[in-house]
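Undergrad: Chain by chain, the residues run as shown.
There are 2 protein chains.
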Amino acid sequence: MNAADVERLVAEQIPLGKTLRIQLEEVSPTSARLLLRFDAAFGNHAGALHAGALFTAAETCALALGYMLLPNTEVICQTKAVEMRFRKPARGDVWATAQPLPSSDGESTRERSHHDELLARLTAEGKIDVPLLVALADQAGERAAEGTITLTLRRL
Amino acid sequence: MNAADVERLVAEQIPLGKTLRIQLEEVSPTSARLLLRFDAAFGNHAGALHAGALFTAAETCALALGYMLLPNTEVICQTKAVEMRFRKPARGDVWATAQPLPSSDGESTRERSHHDELLARLTAEGKIDVPLLVALADQAGERAAEGTITLTLRRL
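For the protein sequence lines, the chains are A and B, in the order given.
In case it helps, the numbering used here puts the first sequence at residues 1 to 156.
In case it helps, the numbering used here puts the second sequence at residues 1 to 156.
It is worth saying that the hints were derived from the structure and are not from the lab.
Careful, some of the hints might be misleading.
No distinction is drawn between identical chains; accordingly, a pair holds when it is met within one copy or between any pair of copies.
[As the list claims (entries may be wrong)] No farther apart than 25 Å at their CA atoms in a straight line, the calculated lysine to any residue pairs in the SDA-like style are these:
1) K127 with R21
2) K18 with L101
3) K88 with A3
4) K88 with P29
5) K88 with G126
6) K88 with S31
7) K127 with D93
8) K18 with H114
9) K127 with Q99
10) K88 with N2
11) K18 with L122
12) K18 with G47
13) K127 with A46
14) K127 with D39
It should be emphasised that the depicted structure is a prediction, and the values quoted were computed from it without experimental measurement.
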C-alpha cells in the first residue's frame with residue numbers, strides 16, 4: 001500500500017474508526033499520526049476519553065504504519081498483542097503516534113535495514129510479528145498513554 | 001457500591017460503553033461478565049469486531065469488578081495498564097469476563113483474604129493497583145482475547 005491507500009483504509013474501511021471519527025494526519029514507512037477529537041460520547045465514567053477510545057486510536061495508528069512498512073509487498077495486518085499504560089485522563093483532543101521500535105543499528109542505516117530485515121523474515125516465514133511503539137498525547141504534548149502494539153503481517 | 005449500583009454505572013454512566021451497547025450480565029466481588037453483541041459498526045478492516053471494541057468490553061468488565069472488590073469502601077477506579085493478546089477474530093457476540101488474579105492461598109480462604117489484603121493496603125496507602133484477569137470468548141467458549149487489566153483504586 002502507499003500513503004493514499006492507507007488514508008483510504010483508515011477513512012473508509014474500519015467501521016469502529018469511523019464511529020470514533022479518527023483522522024489519519026500523516027503516514028510514512030517510519031511513522032504515523034492520527035487525531036482523535038474529544039467527544040463526550042467516547043468518554044468514560046469520569047468524563048475523560050475512555051481507555052478503549054485511546055486504545056482504538058493507537059491500534060488504528062499502528063495498523064496504518066503496519067501497512068506502510070513493506071510498501072511493495074502485499075500483506076494483511078492484524079493486531080496480535082498490546083501493552084499500554086494510561087498516564088493521565090484525556091479531556092481534550094489527542095494525537096496517536098506509532099513508530100517502529102528503535103533498533104540497535106546506527107541512525108543513518110536504521111530505516112533501510114529495518115525494511116530489509118522485515119522483508120527477509122516475511123519471505124522466510126510467511127508471517128511475522130512486528131512490535132510498534134505507540135503513544136497518545138494532547139496538544140501540549142503531554143502523554144495520556146503509551147505502550148507497544150504488536151502486529152502480525154501476513155503475506156497475501 | 002453494590003451490584004445494582006455497578007449495573008447502573010455500566011448501563012448509564014460510561015458513554016463509550018453505551019455507544020457499544022455493552023450489557024453487564026453478572027457482577028460479584030469475585031467475577032464480572034458482560035455481553036458485547038456483534039455489530040458491523042464496531043468492526044475492523046477484516047469484518048471482525050475491532051480490537052478496540054474487545055478491549056473496551058474487557059476494560060468495562062474489569063471496572064465493574066473493581067467497584068465490587070471493596071463493597072463497603074467508597075473508591076474510584078481508573079484503568080492504569082493493559083496487557084492483552086488477541087487470539088482469534090470475533091465474528092459473533094462475545095462475552096467479557098474479569099476475575100481477580102489467583103492468589104497462592106488455599107481456595108476456601110482466598111476470597112476473604114484477598115478482600116482483607118486490598119483493604120489493608122488501601123487504608124495504608126490511599127490508592128492501590130489491582131491487576132485483574134480478563135478474557136473474551138464467543139458462545140462456544142472459544143477465546144478471542146485474554147490478558148490482564150490493572151486498575152487503580154483510590155479512596156474517595
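Undergrad: Please go over all the hints and tell whether each is borne out by the structure.
TA: So, going through the hints one by one against the coordinates:
| no. | hint | in the structure |
| --- | --- | --- |
| 1 | K127 with R21 | neither (31 Å within a copy, 35 Å between copies) |
| 2 | K18 with L101 | neither (28 Å within a copy, 35 Å between copies) |
| 3 | K88 with A3 | neither (31 Å within a copy, 28 Å between copies) |
| 4 | K88 with P29 | neither (29 Å within a copy, 27 Å between copies) |
| 5 | K88 with G126 | between (39 Å within a copy, 18 Å between copies) |
| 6 | K88 with S31 | within (23 Å within a copy, 27 Å between copies) |
| 7 | K127 with D93 | neither (35 Å within a copy, 28 Å between copies) |
| 8 | K18 with H114 | neither (31 Å within a copy, 42 Å between copies) |
| 9 | K127 with Q99 | within (20 Å within a copy, 33 Å between copies) |
| 10 | K88 with N2 | neither (34 Å within a copy, 28 Å between copies) |
| 11 | K18 with L122 | neither (30 Å within a copy, 41 Å between copies) |
| 12 | K18 with G47 | both (21 Å within a copy, 14 Å between copies) |
| 13 | K127 with A46 | between (41 Å within a copy, 17 Å between copies) |
| 14 | K127 with D39 | neither (37 Å within a copy, 29 Å between copies) |
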